[in-house]
Amino acid sequence: MTIQERRVIYQRPVSLDEKSTHYCPGCGHGVVHRILAELIDEFGLADRTIAIAPVGCSVFAYEYLRVDWIEAPHGRAPAVATGVRRVHPEAFVLTYQGDGDLAAIGTAEIVHAAARGESITGIFVNNGIYGMTGGQMAPTTLLGQRTTSSPTGRDARLAGYPLPITEMLALLPGVDYAARGTLHDAAAIGKVKAMVKRAFEVQLGGGGFSLVEILSTCPVGWNMTPTESIRHLEQVSETYPVGVLVDRRKGLVAPPHEFHPVPWHEEA
Amino acid sequence: MSDPMPTNERVLMKGNEAIAEAAVQAGCDAYFGYPITPQAELLEWMARRMPELGRVFVQAESELGAITMGLGAASSGARVLVSTSSPGFSLMAEAMSYMAGSEVPLLLVEIMRGGPGLGSIGPSQGDYFQAVKGHGHGDYNVPVFAPASIGEAIELVPHAFEVAERYRTPVILLADGILGQAMEPVVPRYRTPARLPSTWAADGAKGREPRVVKSLDLHPENLERHNEDLQAKFRRITAAEVMWAGEHLDDAELVIVAYGTAARVARTAIARAREGGLRAGLLRPISLWPFPTTAIAELATHARGFLVVELSAGQMVEDVRLAVEGRAPVAFHGRTGGMVPTPADVVAELRRLWSVTEPRGGDRATTPMAGPPPGLPSDLGADVPLATRRNELVEAVG
Amino acid sequence: MSITLDTPVARELPAALTFPPVDPTPLAIATDRCKGCELCIAACSPHVLALDEAVVNKLGYHPIRLTDPHGCTSCAKCAKVCPDAVFTVFAPAKER
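Note that the protein sequences, when read in sequence, are chains V, E and S.
61 is the number that my numbering gives to position 61 of the first sequence; each next residue is one higher, with no gaps.
Going from the second sequence to my numbering is simple: count from 1 and add 1000.
Going from the third sequence to my numbering is simple: count from 1 and add 2000.
These are computed hints drawn from the structure, not numbers from a lab.
A hint or two may mislead.
What the hints assert, rightly or not - Interface residues of chain E toward chain V, partial, derived using beta-carbon atoms under 7 Å: (1) 1068; (2) 1206; (3) 1210; (4) 1211; (5) 1213.
Stated by the list, open to error - Listed next, the in silico DSSO-like pairs over lysine-lysine satisfying Cα-Cα at most 27 Å (straight line): (6) 250/V <-> 191/V; (7) 1206/E <-> 197/V; (8) 1206/E <-> 19/V; (9) 250/V <-> 197/V; (10) 1133/E <-> 1233/E; (11) 2058/S <-> 19/V; (12) 1133/E <-> 1206/E; (13) 197/V <-> 19/V; (14) 1214/E <-> 1233/E; (15) 19/V <-> 1214/E.
Treat the numbers as computed from the prediction; the structure is a model and nothing was measured.
For every residue, glycine included, the Cβ atom is placed at its ideal position computed from N, Cα and C.
Build the full structure now, drawing on both the sequences and the hints.
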């Protein structure tokens, strides 16, 4: 039997461009792009997706996912998506943002798009750092974590606490689905895909705002090898717990709870 | 609020509402805005009319939200209106630059108020620099149209949409708080411009190659080429889209250059000056970019002086001086803070200008002078204190 | 997940296969896209993946190499963790 007659278990999705990405070795963006492309293929959405790209490392997402894209100013993707969604009721509208884009400069836009219950799906790639600009502290950087703008470790007295933006958004009635996954291993990646799939279903079913936060890596910004950065994700999920926060269309609503950021600790 | 406006009847309309209805009648698909004085009525009119027609209205969380919602809707092919006033315009600067770079058409209506900073809610023309010279970063221009009456504003709205879509550029309709707030009788000349086929919008890749609407290109060679294309576009706009109106210019020895409400004050002042035998005329730019440089330069060969009147500390006067190129003296009169120049003050300035200038005589030489003639002050208005005076607003309007 | 042989893409395999078509190995690797991040090595349960230190690809990295084709179980964990979509995974050779 030649190779062409063998059953394919896995291959690169059609909606993912063949070109090599500019992302660093081991960067989580590549995995998230792939998951989105798989789902766009599986749901047959390539023809009606309008995606909004952020400012950050994934500013070039439009090179890799073969759908229509609009570039947004830094942080404004949810507002740009609102404009698109309102004039194109038939489109599938997707935003793709990093943690600096969504939770710093874009805080107002994401809160209000969620509050309005805009029928869009937000992909929130959280690697706790500003990667594109060289590895500065972000709102989601862990307490005690060293970055180029917190060289001695994030100090709550000076730089405040990490922001649980997804927990905050999950409080809003307009948010039909909010979940957080991690790219820690193949099984966790499978769960991320299930979360994004559920978010897609919420939008396709006429629901409101859906958001999936994905804890991702930045090996270069964190000053680690890719394999070490995967292990670091375990610490990140101590501050940012993994799971479904709300799925209002299924009646799953997590009660408001306290947020306990856990300081970064050296590995044993 | 009153019922939808009937057309072809003379009606009393408030400026903000007239501009809004003109956009509705021009086929505006989506409006995004944020409350700010003195244009909140435009937002409120759209809040009622757009949902009535099944079109899009969103009051955004801020002007940043409003303009970027507009960017999104316009990038996906919709005909979009956003409105604001001066402080909000500052917030919109970034998105304007993005849309200029991505070549996205959108109409922004800016109703100017006193500044800088939070300023006042009185009328102003203090955002001329901002609108014409640059609100956002980078090498670009956007067409700017300035109505001087509510009827003209109604006509400029569809024209502005057409220019935006023909050239794929944001366009600004620039007015002051008086035009936004005043009520005037008009016969509204609404118009619905035809749609151009969309070859560029990101509206869902339906069986075609995906499109990307962006302004980023990290390769300097590519970005330079893109900038050269943009500059070529701006040259085409400059060649084709200049608009201005002249009054009493045939025999004018002094020319007032003014736009918007200042032009209406000037019109009254010119009538009074002519009663007294002083032959003044008005050149009223309607397009502030592209600026009527050529028309002013031609007038400069035989006018004995120019008086620029603005509701500002002097912004358009710089462009007038550039156009005049030293061929004639250019004086300035302005008020800031929400105050409006009065016809009496403008007449006084005309008389001062007359008294310090020379007639051009029979020799209508076209060779430009190297600079102002020796002995004349370079800015005839500079030593006139902007003292607090009665605001002759009633006389100024029409 | 699996994609059946009906999809058009399955018939047009990428040119950068590292093994001859007759070899019933379960893995096709686009070595020109691999960045040597080694995440697949950590994910591979049978430990049959390693960097090919004899090769430097056009991106400047040592690409990944399947060290033991018969040890691969087609679990596809490598494909799931790979940020660069380098792997195409086939069913084991024994399958008809």
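Indices of hints not satisfied (ascending): 12
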